[in-house]
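Two chains, each in its own frame: build the complex with the hints.
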Amino acid sequence: MEALEKEEVVRRSDNGLFEDKYMLDISQLTKIYPTPNGDYVVLDDLDLKVKHEEFISIIGHSGCGKSTLLTMIAGLNPISRGTIIADNQTIKGPGPDRGVIFQSPSLLPWMTAYDNVMLGVKQVFAHGTKKDRDDIVKYYLAKVGLEDAMHKKAKELSQGMQQRVGIARAFALKPKVLLLDEPFGMLDSLTRGELQDVLIEVWNQEKITAIMITHDVDESIFLADRVIMMTSGPRAKVGDILEIDFERPRLRKDVLEHPDYYKYREHLINFLEH
Amino acid sequence: MKDRSIHILNFVGLGFFEPAIRLATGEEIKKNLVALLKKVLLPILSVGLFLLLWHSGATYLYNVEKDARIEKALADQGEVGALEMRTCIESGDISCQPNTLPSPAQVWTAYKSLLADHAVISDKKVAFAEKVAATNAQRQEQGLAAITYTGRPSFVDQIFTSLKTVFAGFLLALFIAVPIGIMLGLSKTLRSSVNWLIQIFKPVSPVVWLLLVFMIVKTLTRGSDSDSSFIISFISVGLCSMWATLVNTSMGVSSVDKDYINVAKVLQLSVAQKVFKIILPSSFPLIFTGLRITLSVAWMVLIAIELLAQSPGLGSFVWEEFQNGANDSNSKIIVAMFIIGIIGFLLDRIMLTIQKFVTFTEETA
Numbered sequence: 001m002e003a004l005e006k007e008e009v010v011r012r013s014d015n016g017l018f019e020d021k022y023m024l025d026i027s028q029l030t031k032i033y034p035t036p037n038g039d040y041v042v043l044d045d046l047d048l049k050v051k052h053e054e055f056i057s058i059i060g061h062s063g064c065g066k067s068t069l070l071t072m073i074a075g076l077n078p079i080s081r082g083t084i085i086a087d088n089q090t091i092k093g094p095g096p097d098r099g100v101i102f103q104s105p106s107l108l109p110w111m112t113a114y115d116n117v118m119l120g121v122k123q124v125f126a127h128g129t130k131k132d133r134d135d136i137v138k139y140y141l142a143k144v145g146l147e148d149a150m151h152k153k154a155k156e157l158s159q160g161m162q163q164r165v166g167i168a169r170a171f172a173l174k175p176k177v178l179l180l181d182e183p184f185g186m187l188d189s190l191t192r193g194e195l196q197d198v199l200i201e202v203w204n205q206e207k208i209t210a211i212m213i214t215h216d217v218d219e220s221i222f223l224a225d226r227v228i229m230m231t232s233g234p235r236a237k238v239g240d241i242l243e244i245d246f247e248r249p250r251l252r253k254d255v256l257e258h259p260d261y262y263k264y265r266e267h268l269i270n271f272l273e274h
Numbered sequence: 001m002k003d004r005s006i007h008i009l010n011f012v013g014l015g016f017f018e019p020a021i022r023l024a025t026g027e028e029i030k031k032n033l034v035a036l037l038k039k040v041l042l043p044i045l046s047v048g049l050f051l052l053l054w055h056s057g058a059t060y061l062y063n064v065e066k067d068a069r070i071e072k073a074l075a076d077q078g079e080v081g082a083l084e085m086r087t088c089i090e091s092g093d094i095s096c097q098p099n100t101l102p103s104p105a106q107v108w109t110a111y112k113s114l115l116a117d118h119a120v121i122s123d124k125k126v127a128f129a130e131k132v133a134a135t136n137a138q139r140q141e142q143g144l145a146a147i148t149y150t151g152r153p154s155f156v157d158q159i160f161t162s163l164k165t166v167f168a169g170f171l172l173a174l175f176i177a178v179p180i181g182i183m184l185g186l187s188k189t190l191r192s193s194v195n196w197l198i199q200i201f202k203p204v205s206p207v208v209w210l211l212l213v214f215m216i217v218k219t220l221t222r223g224s225d226s227d228s229s230f231i232i233s234f235i236s237v238g239l240c241s242m243w244a245t246l247v248n249t250s251m252g253v254s255s256v257d258k259d260y261i262n263v264a265k266v267l268q269l270s271v272a273q274k275v276f277k278i279i280l281p282s283s284f285p286l287i288f289t290g291l292r293i294t295l296s297v298a299w300m301v302l303i304a305i306e307l308l309a310q311s312p313g314l315g316s317f318v319w320e321e322f323q324n325g326a327n328d329s330n331s332k333i334i335v336a337m338f339i340i341g342i343i344g345f346l347l348d349r350i351m352l353t354i355q356k357f358v359t360f361t362e363e364t365a
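Residue numbers (full-length UniProt numbering), protein chains in the order written: chain A, 1 to 274; chain B, 1 to 365.
In short, the hints are calculated from the structure, not lab data.
Hints should not be assumed to be uniformly reliable.
Here are the in silico distance ranges between beta carbons for each label pair [what the hints assert, rightly or not]:
1) 245(A) / 257(B): 38 to 48 angstroms
2) 197(A) / 257(B): 25 to 35 angstroms
3) 164(B) / 188(A): 52 to 62 angstroms
4) 197(A) / 40(B): 49 to 59 angstroms
5) 249(A) / 257(B): 34 to 44 angstroms
6) 145(B) / 156(A): 56 to 66 angstroms
7) 164(B) / 77(A): 50 to 60 angstroms
8) 3(B) / 152(A): 16 to 26 angstroms
9) 156(A) / 113(B): 47 to 57 angstroms
10) 156(A) / 31(B): 25 to 35 angstroms
11) 156(A) / 270(B): 22 to 32 angstroms
12) 203(B) / 197(A): 54 to 64 angstroms
13) 270(B) / 174(A): 18 to 28 angstroms
Where is the CB? At the ideal position from N, CA and C, for every residue including glycine.
Bound-form chain B, shown alone (with noise of 0.2 angstroms):
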């Protein structure tokens, strides 16, 4: 039971738990109370040490903005105002706060109150799925498309809509850069003829890459109502990110052992046995390595790419949010920025798991 937790935690990455539960059996008390320590509460000591910092970087801009703010009501208005704006802001008025980076504590209250408005938004949900229920049953039978839900979505809303633009967006960069990295890997020929293309597109831009997305899906998809921007945004981030996957599959493939290839010419096994029983599970590990760089840089892309494109998700949240300026504006900002990070790493790790399972080598990241 406990070598097999160990083992199950170390193969998805989450292994800094294993002094714990060595620990939480009593084997080897001081050994693993000192591996606890390197562990677990180093990177908490840390990550205390960066809240810290964030916390008295961010007092002082607030102090900063602040002073700012009274000095130039003093010019403004005189004496008077400058002691007006001065109670004002220590008095935790919403009008009058400094506009500036949120400290942890503003950003978590931010976190709890985006949660709330979650929880708000998915009650009326449901309310007004119950309230058209029976004219959407009715609309049904008329042959007319049902009445959905129109109001503005939720931050967890925003999330999933952004997962599913990703995952998108990656299938469509796995689909097309996997193949032709196995082709571009077995032909030389092949390889140098599209050697200074693949050369010049791969560092372009993920703004270019979404104009150019756009001008090609906007004449094709003219005539047609449907929304547009969800597939403008996932085949940008499929470009953007599938260089990543080519590359590696194109060198993996290229690069198999000599010894596997002389035993198959030995064997004399046909093209197809040769690309399924040999070349692609050796070239596995480098094939994946690419995929993992292309969800990374899929999920880094996805928001610069939604916040121009316009389509909802975690970028068009961000941007909808510094165009607000509200009080909370910013914090909430941070709060993304942080669940954008956490989810990034998240698919790393499952990326890593199924690495783990589907090649021959003992990789670890």
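In isolation and in its complexed conformation, chain A is listed as follows (with noise of 0.2 angstroms):
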């Protein structure tokens, strides 16, 4: 299991990915709605680096423009000001780089969770052979906890199941940006837990860089290297940054036990109280 992973960043390094210092770059990003009372400004001037490797989530109320962020990096809405840096390259439309995993899973309810992953895989290795994409697509959804159920329809899923589907879908892509808008959002909490627990199982073996809004304060320290603050909209920007500075892979468990994991949870608390 560790050789793996130093395999994997050997690799990384060999490709010259290691010397560049982000992997995303956001430099004064700003979002104007044009309203009939004048301009609505959702983010102004926002900057936000993020590193290899690393996993930030985004915290802030309900309305504060988390989510347009994230589809601006997404590229699935148009920027108004600023730039938007991936991987050294200035993002100009969606595209399967910057994998997507949406709050409701948006699976197409009449293909299977296979065919659901599939759609995706056959976009991006194109160029393999049909046994390699069928190889990526079971390893994902096996790893994701579904061997059994992948021939089903994705309407006959569960809430829970799908977003697994969801995951799949995402990691099966090797996306290099990971963007997770309130991914658990949707379900109960127990199947948020267990949620949570298939995702930072799959990414600790991934590792790509992630980005995920939530409102969930226990969920970003969970999951997160570090914690992004967003004040309250309009002209929304990053209030306060929050590192977490817990050994990976984490346990739930010693997360919950860990003597600095009430210091974080007070920490997020009172910005988000203000």
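Right, dumping it as structure tokens:
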């Protein structure tokens, strides 16, 4: 397991990826929605840098523009001003190098779990053999615990299972950046915990730079290396940043029993209450 | 076996047989007896009530017509004429029967006579085919067209002619409306630019469509001696009925869930992939609802169009019977009405079953 991770690191530094300082560089990002009563500025000169293999979570009140920020990084929402550079390239539109896990699983209900993942894999690994693609799809579906349900239609799966497929789909595309838009917001708390474990387990192996939007203080501490706190909108920007210094791989029990846990929690709640 | 047959029945929209099957296998007798009562007996009761109302209404109209005839005979020919008329009517003589809404019993008799007529005509056809078989073989060798039966079509033949016309019209509507609907749904510009045309043409009456098609087809088929009435009627049926599919398809395509579109964007699917993998499957339910409306509209306007275009089929059957004015003509018209209704219902069920096969939502009508 450890050997596998080391190999991964070496391979990546060979590619020269490690020499770059940041995977994602957002500078002076502004989003303006024109309204009949004048412009509504959602984000104002927001700066954010995300390192390679870093997991950050963004927390803030509803309507502060978290989701706007994420959809802009995904390329689904036009940028009013400023730039987003992902892996040394200014983003111009959506693409499979930035995988998205949406709040609703967004699976195509008439397809099986397997076909849903395959749809993307076919796009990204168009040059691979059929066997390769099949292996990739099956590997990731097994990773999220769906070996037995992969040939069920998406509409027959529960919300939690559907979101597992969503996670498999995002990772199977081998994106450079993973964008998670409150991925567990619609689930009950038990399923949410399960899926956090699934997510972090897959992430521990893949180490894809990840940005996750969340409302949940505990979720952000458990998953992230850094928690970005956004000020309330309009004209939202980064209000505060909290480094979470727990070792990886993390176990939920260890995190909850860690002496710093409540310190972090208090810090976040203090910010959100002011 | 039991669950399977129940599932199939529910699937084709005949779910009201479910309690009968459950009852036959002795499952929860009391609950299923109540369900059977609700789902089967009550509808039968309502049909019975309808027949009763019909019968008494028809009897009342018969008496009104009868009194009027006797009254008229009294005025024209005096007491003797009136008495003659009364005995004539009450004896059941065909020559002096009042002509009005037929009773259920008369309609049933007319139905049986139509079937008997069909049997007679079928026999004639077979006999004719045997008689000309040798001649036809000879003509074929000489390169001449075969001699075909040109006698009067039976009622059952008319039904199949009508079904053929509706089917052709429906296919025409399908092949025009679905592709155009998809294009309109994909492009907002296109949609707004032809919206006026659609809104203007949609409410146009079947009769006007027929005349329009007649104008065009008459000129185009000038010189050829082929029978253009079938072409005219099926094109008119198609044009009248395609609007529901056109509007539903463009609505379905333009209102695809934004999440699915985002998935397509993130995966950078090509336009063709986007249309065939995402947009079409997700708008199938709406397209099929449109197609079901189209089929029922096609069947409905068919009668009026056949009647005017003088193309063979149920419409011309109804019109001929009305012109004919024979004693049982009215009954035959009512038979045609029920046949039209029942076939329309069956066509809708068939469409619903196909819809359930190809779409992903569990929609019920």
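Each hint tested on the structure:
1. At about 41 angstroms, the CB distance of residue 245(A) to residue 257(B) agrees with the hint of 38 to 48 angstroms.
2. Checked against the given bound of 25 to 35 angstroms, the beta carbons of residue 197(A) and residue 257(B), roughly 29 angstroms apart, stay inside it.
3. For residue 164(B) and residue 188(A), the Cβ-Cβ distance of about 57 angstroms falls inside the hinted range of 52 to 62 angstroms, so the restraint holds.
4. In this structure, residue 197(A) and residue 40(B) meet the distance hint of 49 to 59 angstroms, their C-beta atoms being roughly 53 angstroms apart.
5. A hinted range of 34 to 44 angstroms holds for the C-beta pair residue 249(A) and residue 257(B), which are about 36 angstroms apart.
6. Between residue 145(B) and residue 156(A) the beta carbons are some 58 angstroms apart, a value that agrees with the proposed interval 56 to 66 angstroms.
7. Our hint of 50 to 60 angstroms for residue 164(B) and residue 77(A) holds, since their Cβ atoms are close to 54 angstroms apart.
8. The hinted range of 16 to 26 angstroms is satisfied by residue 3(B) and residue 152(A), whose Cβ atoms lie roughly 20 angstroms apart.
9. Distance hint for residue 156(A) and residue 113(B): a CB-CB separation of about 54 angstroms, consistent with the stated range 47 to 57 angstroms.
10. The hinted range of 25 to 35 angstroms is satisfied by residue 156(A) and residue 31(B), whose Cβ atoms lie roughly 29 angstroms apart.
11. At roughly 29 angstroms, the beta carbons of residue 156(A) and residue 270(B) sit within the given window of 22 to 32 angstroms.
12. At roughly 60 angstroms, the beta carbons of residue 203(B) and residue 197(A) sit within the given window of 54 to 64 angstroms.
13. In this structure the supplied range 18 to 28 angstroms holds for residue 270(B) paired with residue 174(A), their Cβ-Cβ distance being about 20 angstroms.
In terms of the numbered hints stated before, the structure departs from none.
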